[in-house]
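Engineer: Residue numbers (my numbering), protein chains in the order written: chain A, 2 to 417; chain B, 2 to 417; chain C, 2 to 417.
Hints are computed from structural coordinates only; laboratory data are not their basis.
Each hint should be verified, as a subset may be incorrect.
Below 30 Å or equal to it, Euclidean Cα-Cα: the simulated BS3-like pairs (lysine-lysine) are [what the hints assert, rightly or not]:
| # | chain 1 | residue 1 | chain 2 | residue 2 |
| --- | --- | --- | --- | --- |
| 1 | B | Lys268 | B | Lys233 |
| 2 | B | Lys292 | A | Lys292 |
| 3 | C | Lys61 | B | Lys292 |
| 4 | B | Lys292 | B | Lys268 |
| 5 | C | Lys118 | A | Lys272 |
| 6 | C | Lys268 | C | Lys61 |
Computed spacing ranges between beta-carbons, pair by pair [as the list claims (entries may be wrong)]:
| # | chain 1 | residue 1 | chain 2 | residue 2 | range |
| --- | --- | --- | --- | --- | --- |
| 7 | C | Pro171 | A | Asp57 | 23 to 33 Å |
| 8 | B | Lys292 | C | Glu386 | 38 to 48 Å |
| 9 | C | Glu386 | A | Ala296 | 37 to 47 Å |
The model shown is predicted, which means the values in this text are computed figures rather than measured ones.
Glycine residues also receive a C-beta, built at the ideal position from the N, C-alpha and C atoms.
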Amino acid sequence: MERELINRLAKALAEIPLIDPHTHINPNQPAAQSLDDLLGYHYYTELAHSVGMPHDPLAKEFDPLERTRIILKHAQHYENTVQWSWFIELCQTFFGWEGDRIVESDADCLWKCAQEKCQQPDWSEQVLKRSNVEKVFLTNDFDDPLIGFDVTRYVPCLRTDDLVFKLLEPTVSQRLHSATGIDVNDADSVNQALDRLFDYFKKNGAKACAISLPPNFEPMPLSDHDLTAAMKHQDHATIARGVFWRIAERCHSHRLPFDLMIGVNRKVYEKGVYQGQDLFDQRTSLIQYAKLFNAFPEVPFCVSVLTSNQNQELASYSWIFPNVITSGHWWYANVPFLIKRDLTVRLQAVPMTKQLAYYSDAYKLEFVLPKFNMYRRILARVLAEEYVLERHWSEEQAIALGQQLLRRNIERLFSN
Amino acid sequence: MERELINRLAKALAEIPLIDPHTHINPNQPAAQSLDDLLGYHYYTELAHSVGMPHDPLAKEFDPLERTRIILKHAQHYENTVQWSWFIELCQTFFGWEGDRIVESDADCLWKCAQEKCQQPDWSEQVLKRSNVEKVFLTNDFDDPLIGFDVTRYVPCLRTDDLVFKLLEPTVSQRLHSATGIDVNDADSVNQALDRLFDYFKKNGAKACAISLPPNFEPMPLSDHDLTAAMKHQDHATIARGVFWRIAERCHSHRLPFDLMIGVNRKVYEKGVYQGQDLFDQRTSLIQYAKLFNAFPEVPFCVSVLTSNQNQELASYSWIFPNVITSGHWWYANVPFLIKRDLTVRLQAVPMTKQLAYYSDAYKLEFVLPKFNMYRRILARVLAEEYVLERHWSEEQAIALGQQLLRRNIERLFSN
Amino acid sequence: MERELINRLAKALAEIPLIDPHTHINPNQPAAQSLDDLLGYHYYTELAHSVGMPHDPLAKEFDPLERTRIILKHAQHYENTVQWSWFIELCQTFFGWEGDRIVESDADCLWKCAQEKCQQPDWSEQVLKRSNVEKVFLTNDFDDPLIGFDVTRYVPCLRTDDLVFKLLEPTVSQRLHSATGIDVNDADSVNQALDRLFDYFKKNGAKACAISLPPNFEPMPLSDHDLTAAMKHQDHATIARGVFWRIAERCHSHRLPFDLMIGVNRKVYEKGVYQGQDLFDQRTSLIQYAKLFNAFPEVPFCVSVLTSNQNQELASYSWIFPNVITSGHWWYANVPFLIKRDLTVRLQAVPMTKQLAYYSDAYKLEFVLPKFNMYRRILARVLAEEYVLERHWSEEQAIALGQQLLRRNIERLFSN
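Here chain A stands alone, though its shape is the one from the complex (with noise of 0.2 Å):
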């Protein structure tokens, strides 16, 4: 009967059409070209590597499907991971595989069943129209023309990690002359640069600006003096807590919401796969942030902890400050049970009104809709237990709280 009861709930949520707010689809490719754009995941290639898979098929030179071979290969090693079940489910999904798994011998056999479709010229839109997706957000660079896309569908979105932390390295103030047209060298320099790129984007249909950022940052804001002493020295620490706090800045003054993303290290594992080398440290708090969230009370800052330890942090800064909002379950926080327990004291804690349900984070449309099943299925569940059995809502009402997170505080904060 609770299997029954969830079940429909489930249903009734895969009904609202998805607006994912954070991806790192490329609108002019959004969609796969081949089997090997999927199997290229970085959660796949990663986990080849973590259970022995050398570097090689990974060069840009070798063969595809001889790659897709090996992966699957490598992936009977990992298939009870839930990352695999994404694969599973998405080529279930999209290239009719009726198997329940996949291994070395059906990568000849699944290759052509995926070049069938995705060379097919509609492919993205059949894969949008089957995930009954609206509209995904990007995370642009700051030097992205921003062109040859509607952006009413691919939402642009400002990621400023280079600008923040890598500022005076030649080939980021190279692409920001080419974008801005100025040199930055000191703190007036860079805060022109700085509005030349938001009003750029936010011309262009940005909604949002967003930034990852490591266990131990903590931003604080810099006068122009010191700023440009920090530029002077090299003293790359320093430089980031001032550029940070002047996009913070123009987050308000532009009216767009900044996601933060809490937590990474970068580069952890140095002979990682490509992408496949961050990892965290759980030694961090919000508190570093608080001075943040007290000087821009406007700004609405979503934000994402890539540690679930993390989570009740976030939720209690969500409850007191008006301009905190929670966001998603980022990468490895991004695991079922971590899920469920996250978004379980969310619910309990949090005004309903400032949480973002999920985002996919994917680079390819097809990971969108195994990933947002995966989500709604535990947010069924956790309305089933939480609200309908236990506190006794309706269905309708239990539903209608998933559409609150899911989609209505999206539009809400999103919406400038």
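Chain A is already provided as a structure; the job is to place chains B and C on it using the hints.
Structural biologist: Coordinates of chains B and C only, in the frame set by chain A:
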């Protein structure tokens, strides 16, 4: 069947007369005088503020019925929270409210229902009786005269935050002078003043001493010489350590348990509503208290942690240290999901005679019932799942375990 | 139905012959000789002390039967704990105890039952057989001669705590001299002594190296020059780093996995009973081991964490680093609720070939069965809920996954 079992256990637990070992009740006005007293609970004002309510309606001179309307309007944004569910249950139980929800348009009607009850001269006695409450512990300022109430029903408890963290603030030292006749300006006078306070509280029925502590606090002994020096230099951090240690010494000499409420940072959200400004830093450890626990083997330390992450530490320290008692589920950790996990770990790993089940932390008697009901439903579920079903205990044994936590341990620990 | 499914899976898992990859068994006296050996397990003495038992009954000369009575008397305060449930199950299984509880008045009778069994000459073989145990790994002091037992049944493992943390203590350097003929007074002699120990252990069937580490430990390489200098200055923290790194080098050269048991602070409760003085500081991170994991890609590091909070780090580091293996559920994290959540996250996120299910950590063979039974019931439940019901795996697949964790990974990792 499992649900019926849980219901039977919950019913049996509800029949145990409550002792609430930590509240902020004012014994001279223990129950609400109007709905405004209840919706003025910081949980509702801070959540309303969190979803957009400005500060103005919280001004003293603001019309209380209009304030009620405004809070109810904002409550629709947080009716998913467990905090709100306490209010619904309270209105249903005490004011005969029949609906499942309470919205803005219910304000006048609900106000009237509440007035009818709250104005009755024996209202607080009615609430106590209906709630099956026998005693509530208070949290008394050090200069509270402790008069005008029955100390066997409203049990005094010496709150020491001001002494430890604000000793040299003029208002505090003046209050201390008024209460003890002593001007504190060196270790000697501190020792004397503390002696007088403890003597007075003990003579007037106090059964415990309590304090809330920031996450980075680390108790250390301090010689009289060093305390005197610290007071001369206005070194507040050192004074805090010195005074805290002296309070622990008096808990020992006066045979009073010491309630440690660990982990709160004050005034994190600077513009928060009254009592809605405090948050925490999860990076804290009970190892900071090892010296204290070793130094006072005969003082029962009843430890509450604000960070649920710290619960494994609490369970382990209580399993090892004879004088460490687990105590309730505090504030930001007082959320059903967190209670369930923290309670389960404690039951699985800590002797049952070293656990204080729960306290309401309430400011008005009406909140004791819904908060304890939340706790008891969770306790009933854990007893059902972990003891009756998993370990095949009889229901009587399971209920006896509940009684141990809810009642017998409190009686034993606070008996001096 | 779900309960029946769990039972079927648990039964199938129980049929897999066990290899217990970490114990403190004495191979020359592996089983108990009396009830006193079992109730003397630190879990029971420390819990008894925690509820008030003084130290006197633990003196060597104290009458063992009287000690049994005293511990049983105190056990009534902690019969809610899972630790106590192991003892009940042990008595039921091995001594034919028929009750569900064991109280003080049962002391004499239970003592007699135990004596009858423990005195039988083949008792340890009976226990192994009844427990379906094929091999147990030992934890051998570096100067253990490793003689007088069958190393294919009782597998040696080199414990290195003393070498790393107490190298210059006179008793340790003397023991090291006795074992290797070498006086350690500089890096050269340390290198030589370690070589001899590793050669000896490897030649005598050792299959792993092990160490327990404090929460703030951070491995770093140290040149011979700097180690020699540190030894001259008795700089124990630096010596520890230098010796630890050299041990890791020898794990590499001798192809031995390195068991890292991370997070214990020794002697926190100074007056605790024997082995009941150690606790922890949750503020620790696997980032401290990043340099180590990067430096020794071919050494399998089997990592146990004392703090369950750290489990998400462990799962993530094992998902990314090919040489990081998740290992068991240790000590204060060996509590059903914590096991279930830690296991679930590992199963959902870490390749199944990189997980060591469980070890008993037992001092006497009788504890292997109840501890593994606890684990297997949890594993069966997780397999049922997460794989058979949620992901529609067949029961055979789910059991194969259990077998991978319980048996196949141990065989593979410790095969050299």
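Engineer: Looking at the structure, which of the earlier hints fail to hold?
Structural biologist: 2, 5, 7
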